[in-house]
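Asker: So you can see what is in the structure, the chains are spelled out below.
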Amino acid sequence: MSSPEFKNPVVKWIDHRLPVFSFMHHELHEYPTPRNLSYLWNLGSLAGLALVTMIVTGIILAMHYTPHVDHAFESVERIMRDVNHGWLIRYIHMNGASFFFIVVYIHIFRGLYYGSYKAPRELLWILGVLILLLMMATAFMGYVLPWGQMSFWGATVITNLFSAIPLIGDSIVVWLWGGFSVDNPTLSRFFALHYLMPFMIVGVVILHIIALHRFGSNNPLGIDVSGKQDTIPFHPYYTSKDLFGAMVFLTIFASAIFFYPNFLGHPDNYIPANPLQTPAHIVPEWYFLPFYAILRAIPDKLGGVLFMFGAIAVLFILPWLDRSPVRSGRFRPLFKMFFWVLLADCVLLGYLGGKPAEGIYVTLSRLATAYYFIHFLVILPLLSVVEKTRPLPQSISMPVTGAGMSAALAAKRGKADV
Amino acid sequence: MSDTVENQGRRDFIVVATNTMLAVGAAAVAYPFINQMNPAADTLALSSIEVDVSGIEEGQAITVKWRGKPVFIRHRTAAEIALADQVSMDDLRDPEGDMDRVEKPEYLVIQGICTHLGCVPLGQKIGEIKGDFNGWFCPCHGSHYDTSGRIRKGPAPTNLEVPPYAFLSDNVIKIG
Chain D
618 MSSPEFKNPV
628 VKWIDHRLPV
638 FSFMHHELHE
648 YPTPRNLSYL
658 WNLGSLAGLA
668 LVTMIVTGII
678 LAMHYTPHVD
688 HAFESVERIM
698 RDVNHGWLIR
708 YIHMNGASFF
718 FIVVYIHIFR
728 GLYYGSYKAP
738 RELLWILGVL
748 ILLLMMATAF
758 MGYVLPWGQM
768 SFWGATVITN
778 LFSAIPLIGD
788 SIVVWLWGGF
798 SVDNPTLSRF
808 FALHYLMPFM
818 IVGVVILHII
828 ALHRFGSNNP
838 LGIDVSGKQD
848 TIPFHPYYTS
858 KDLFGAMVFL
868 TIFASAIFFY
878 PNFLGHPDNY
888 IPANPLQTPA
898 HIVPEWYFLP
908 FYAILRAIPD
918 KLGGVLFMFG
928 AIAVLFILPW
938 LDRSPVRSGR
948 FRPLFKMFFW
958 VLLADCVLLG
968 YLGGKPAEGI
978 YVTLSRLATA
988 YYFIHFLVIL
998 PLLSVVEKTR
1008 PLPQSISMPV
1018 TGAGMSAALA
1028 AKRGKADV
Chain C
57 MSDTVENQGR
67 RDFIVVATNT
77 MLAVGAAAVA
87 YPFINQMNPA
97 ADTLALSSIE
107 VDVSGIEEGQ
117 AITVKWRGKP
127 VFIRHRTAAE
137 IALADQVSMD
147 DLRDPEGDMD
157 RVEKPEYLVI
167 QGICTHLGCV
177 PLGQKIGEIK
187 GDFNGWFCPC
197 HGSHYDTSGR
207 IRKGPAPTNL
217 EVPPYAFLSD
227 NVIKIG
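From first to last, the protein sequence lines stand for chains D and C.
The first sequence begins at 618 in the working numbering and counts up one residue at a time.
The second sequence begins at 57 in the working numbering and counts up one residue at a time.
Isolated chain D (complex conformation) (with noise of 0.2 Å):
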């Protein structure tokens, strides 16, 4: 990779001590990128316009939201009524945790479908499961500030996880609170953290980027770029594509934050906060709920919680569970048909952690939470010894312009006709 020709006179001799310039066009511009891209390899430019949707509206709403359990309801409703476009800006931000999530589970559920996480991106793949503990922990504490019921509620329950600890839980729990319950101090607290680690989160998303670039992004077929014939330069052609993606993922949320906002929320978090009375049925944000079914799924405190953070700890090491060579599910019969079953489960305690915790949810609890354990730890090292794969193409380019055309062509249309 040269350094470019810069014309601007300004623009280089700048460049020439500070070169980030260079930077730019080697990192942005030329970067060389698979040429086969599908639309799933949006959604890592999509979270990044999420994050920074949700840093812009938060600092906006800090400056006029209040973290006292006095005035926080308040302060929240005085953004909805009175400050002027208030009432964007937080439903931006309420809607745009939720978007940030859909699309960051759309991302990793196409890593594990092409087998992003494989050989040589494990890292990457570690980088971005920190990323989701993180947005998890943020989203989380961000809930809370409203002190809304659900605020309230939400918070008691998901602290008291820590009180599952052996001997130092009930310390931890306090310490967690600086009180008995929760309070004004765990409020403070919260509102200060959830203001730091949106940008931790930047800091790791530089990583996770720095780790992308180092071997490029996987592609729907899952083989290793075999040469130039095989890239396109970063812009303008995946540039524009994920500018078109972006417009479609803000037209959809404008959608949302401006005729449903609510749609995702909860109406008891319009209620204050009360210590003397728990909601009658009290469900975490949607995007929590398969880990919350899993918590419930256990009937067993400490068993719940160390399986509800298991299923997380699992994605870690992924890399080392799935050792099929093979990347892309399109040429593992068997792990595709278990992928789709891995969704299919996932949606599905999805479902049940907003129901009640009684009679057949219960064991559909048990059975789906039994099954997303099994696929990790059993299936996927099981698949790699015993699955015969299909046969992998030559190369990126050869079934797009070469002689492999017309036989992918043909293989393509028998499986339609199927």
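Don't read these hints as lab results, they were simulated from the structure.
Every value quoted in this text rests on a predicted model; they were computed, and no experiment measured them.
Take the hints with a grain of salt, since some may be wrong.
Each computed DSS-like pair below joins lysine-lysine, with the alpha-carbon atoms no more than 25 Å apart [said to hold, decoys possible]:
no.: 1; chain 1: C; residue 1: Lys160; chain 2: C; residue 2: Lys230
no.: 2; chain 1: C; residue 1: Lys230; chain 2: C; residue 2: Lys209
no.: 3; chain 1: C; residue 1: Lys160; chain 2: C; residue 2: Lys181
no.: 4; chain 1: C; residue 1: Lys186; chain 2: D; residue 2: Lys972
no.: 5; chain 1: C; residue 1: Lys230; chain 2: C; residue 2: Lys121
no.: 6; chain 1: C; residue 1: Lys209; chain 2: D; residue 2: Lys972
The hints should help you fit chain C onto chain D, whose structure is shown.
Answerer: Relative to the frame of chain D, chain C by itself:
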């Protein structure tokens, strides 16, 4: 500079001692930054409250707030006391006799905090679900407590806690 063998032990000692002091220093600096999150002095200043229980009719219950959390005081009927007292210890997840949980059997004083994940169980008000054992029922994750506030069914590991309290007179309880 040559590393002669005769000095090696002394050098190792200096390195280990320096690193140890660094670790001690780091821990000493870290402690206040961690400890600041523990309850502050004003939060700790253990508030106590006095409650007159004479106004509670038999079979009814009241909820009072102590240290930011609800405390349940139930004036139990003779039937409820008998029910709690007759339970075999083998049926209890967290075995504890009813008489060990009360000062006066007719007044049950317990923390209204589910020992699972901290929700407030239902069963205080007339018409609320009291669970399968006629005591309390936690709506969050389905724990059932009996008329002595002991866990009988569901995910909670222990009985509803009994806060420190004493009868100041026949009718007045001091909690805390």
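Asker: Please name the hints from earlier in the document that this structure breaks, with their numbers sorted from lowest to highest.
Answerer: Of the numbered hints, just 2 does not hold.
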